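Chemist: In order, the protein sequences belong to chains A and B. Oh and the first sequence: position 13 is 13 in our numbering, straight run, nothing missing. Oh and the second sequence: position 261 is 261 in our numbering, straight run, nothing missing.
I should point out that these hints are in silico values taken from the structure, not numbers from a laboratory. Note that the coordinates shown come from a computational prediction; the quantities given were computed from them, not determined experimentally. All residues carry an ideal CB built from backbone N, CA and C; glycine is no exception. Hints are supplied without guarantee of correctness; some may be wrong.
[Claimed, not checked] One-sided and incomplete, this derived list gives chain A residues near chain B with beta-carbon spacing under 7 Å:
1) Pro105
2) Ile234
3) Gly241
4) Leu242
5) Leu246
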Amino acid sequence: MREPARQPRVWRRVLDAVIYAYPLILVIAVWEAVTELGYVRPLFLPSVGAVVRQFWPMLIGHQIVEPLAVSLFRAFTGLALAVVLGTGIGLAMARFASARWAFDPLVSLAFPAPKIAFVPIFVLWFGIDHLSKILLVAFTCVFPMIVATYHGASAISGIVIWSAQAMGTPEHKIMTRVMLPASLPHVINGLRVTLPVALISAFTAEMVAGGGGVGSAMMYAQRFFQTPTVFVYIIVMLLTGLLLDLGMGRLRQRFVYWEQHD
Amino acid sequence: MAITASQPMGLRRWRSSRDAIWQFLPVLLLAALWQAVSMSGLIDPDFLPGLDRILAALWEMARDGELAFNLFVTIYRSFAGLAIGTVLGVLIGLAMATSRAADGFFGPLVATTYSLPKSTLVPLFILWFGVGDITPIVTVVLACLLPVIVGTYHGIKAVPPILIWSAQAMGTPRRLILWRIKLPAALMPILTGIRIALGFSFVLTISSEMIATRVGIGKLIFMDGENGAYAYMFAGLLAVVLIAYLSDRGMVRLMRYLLRWQDSAELTADA
Numbered sequence: 001m002r003e004p005a006r007q008p009r010v011w012r013r014v015l016d017a018v019i020y021a022y023p024l025i026l027v028i029a030v031w032e033a034v035t036e037l038g039y040v041r042p043l044f045l046p047s048v049g050a051v052v053r054q055f056w057p058m059l060i061g062h063q064i065v066e067p068l069a070v071s072l073f074r075a076f077t078g079l080a081l082a083v084v085l086g087t088g089i090g091l092a093m094a095r096f097a098s099a100r101w102a103f104d105p106l107v108s109l110a111f112p113a114p115k116i117a118f119v120p121i122f123v124l125w126f127g128i129d130h131l132s133k134i135l136l137v138a139f140t141c142v143f144p145m146i147v148a149t150y151h152g153a154s155a156i157s158g159i160v161i162w163s164a165q166a167m168g169t170p171e172h173k174i175m176t177r178v179m180l181p182a183s184l185p186h187v188i189n190g191l192r193v194t195l196p197v198a199l200i201s202a203f204t205a206e207m208v209a210g211g212g213g214v215g216s217a218m219m220y221a222q223r224f225f226q227t228p229t230v231f232v233y234i235i236v237m238l239l240t241g242l243l244l245d246l247g248m249g250r251l252r253q254r255f256v257y258w259e260q261h262d
Numbered sequence: 001m002a003i004t005a006s007q008p009m010g011l012r013r014w015r016s017s018r019d020a021i022w023q024f025l026p027v028l029l030l031a032a033l034w035q036a037v038s039m040s041g042l043i044d045p046d047f048l049p050g051l052d053r054i055l056a057a058l059w060e061m062a063r064d065g066e067l068a069f070n071l072f073v074t075i076y077r078s079f080a081g082l083a084i085g086t087v088l089g090v091l092i093g094l095a096m097a098t099s100r101a102a103d104g105f106f107g108p109l110v111a112t113t114y115s116l117p118k119s120t121l122v123p124l125f126i127l128w129f130g131v132g133d134i135t136p137i138v139t140v141v142l143a144c145l146l147p148v149i150v151g152t153y154h155g156i157k158a159v160p161p162i163l164i165w166s167a168q169a170m171g172t173p174r175r176l177i178l179w180r181i182k183l184p185a186a187l188m189p190i191l192t193g194i195r196i197a198l199g200f201s202f203v204l205t206i207s208s209e210m211i212a213t214r215v216g217i218g219k220l221i222f223m224d225g226e227n228g229a230y231a232y233m234f235a236g237l238l239a240v241v242l243i244a245y246l247s248d249r250g251m252v253r254l255m256r257y258l259l260r261w262q263d264s265a266e267l268t269a270d271a
C-alpha cells in the first residue's frame, strides 16, 4: 500500500520542479535553437554546447577557480571592513548626537553617489592590485551598512538601555553589550543587502580597471572575441551570486533565530 | 528645532539658513581638511589636488562645454534606460501580481537573474550593440527592471482586499479597479523601487561608459585619470556626486508630492 501512495508524491515534486523551471528551460531551448539553426553568428551568440564544452578546459586550465578566489577575497575583505566600520558608525550615530551631526550630511551626500566612478581615484591612490578593489568595495558597502545599523539601533527602546545602566553596565559597554545585540537583526539584514553589492563592485571594478579577478579575465576574453569564455564567466558570476544569497538566507535564520517574523 | 509661527519671517529665515549651514558644516570641514592636507605637501599634490585647482578645472570644463555635453550624454542614457525599465517593470510586476501564468513564467527568471551583476553583460552588449548609446541604455534597462518589478509585485499583492471590496460595493466597474484602487494603493512600493532603480541607472551608465563608450562623464573621468589630468578627474567626479545627490533628492520630493495624500511614516523617516 505504501508504494503507490509514495509514487505520486515523488512525481508531483518532479512535476513541480519542471513547472517551476520551465521558463529557464524555454530560454535555453530558444537560445540553442537560434544558434543551431544558424540565425546568429557564433561570435555574437555561441551555442549552448560550445559554452558547456568551454567550461571543462577552463576549469583544469586554472581559469575559473583562481580568478574567482581573487574576486571573492576582495569582495569579502572589503565587505568585512564595511561591516565593522558601518556598524560602529551606525551605533555611534544612534547613541551620540555629535556623531549624528558629523556623519549624517556625509552619509546623505555619499549614499546616492555612484561609487564605481571613484575607480580611477582609488587606482591612483592605492594602485591597481588588491588594495584599491578592497577599499572600493568597502567604500560602496559602508553606507548601506551605516544606514541599516542606524535604523536598527535608533529603534531600540530606551527602557532596554536604561535598565542596563541601572544594573550598572558601564557606558563604554552599552554599545557592545546592549545596542549591538539589539540591532543585530537589522545588521544582518543590511549584510544581506550589501553582500551582492560587494560582489558586484568587485567584479565591476575589475572589469573597469583590470588587475586580476573574474571581471578582468572576462574583459580579456572579450578583447580577443572568445565569446564562449565570456559566457562561462557570466554563468560563473550568476551562480556565485545565487549561492551566496542562498547561504546568506541560511545564516540569517541561524543568527537571528530569536526574531520570529521577517 | 521647532519654529513657531509667531516668530517674524526674518528671524525664521535667518534661523533656517543658520540651521542649513550647521547641518552641512561637516562637509565643509572635510573640504577644509582636504585643502589643508593638499597645501601641507604631505601627499603629492598631483595625487590630491587642492580644492582651488579642482574648482578651477571644473570651471574650465564648464566653460568650454565639455562638462555639460558629457553630463548630458550620461543623464540621457541613465534616464532613457530608467524610463524604459520602469514602464516594463511596472507592466511585468502587474502581470505577475494579477495572473498566475505570468507569475509562473517571470518568477523563476526574476529569481535567477536577481543576483547577476548586470554590468557583466556589458562585454556581450558591446558585441551585439557596439559602443554607442544602446549598450549603456540596455544595461540600465535590465538593472532597473528588477527593483521595479519587485516593488510593483509586492505592492499590488499587499493591497488590502477591503479596499477593493469597498470600491466594488460602491459600484466601481471591474476594469477601473486597477487604475483607481490597486495602482494608487501600491504607489509607495512602486516609487521606492524606482528610487532604487534611479541609483542603479547612474552606476550602470557610468560603469558601461568606463568599459565601452567614447563619450559620457564616466569616460571623461576615466580618460582624465589615464592621462594624469587628476584635477580634472576630481572635478568630473565632484559633478557626478552632485548630480546623483540632487536627482535622489528630486526623487524624494517627487515621492512626497505624489504620496501627499498618504500618511506614511516610512517616507518621512527615510527622507
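Chemist: It remains to establish, for every hint, whether it holds in the given structure.
Modeler: How the hints compare with the structure:
no.	hint	result
1	Pro105	holds, 5 Å
2	Ile234	holds, 5 Å
3	Gly241	holds, 3 Å
4	Leu242	holds, 5 Å
5	Leu246	violated, 9 Å
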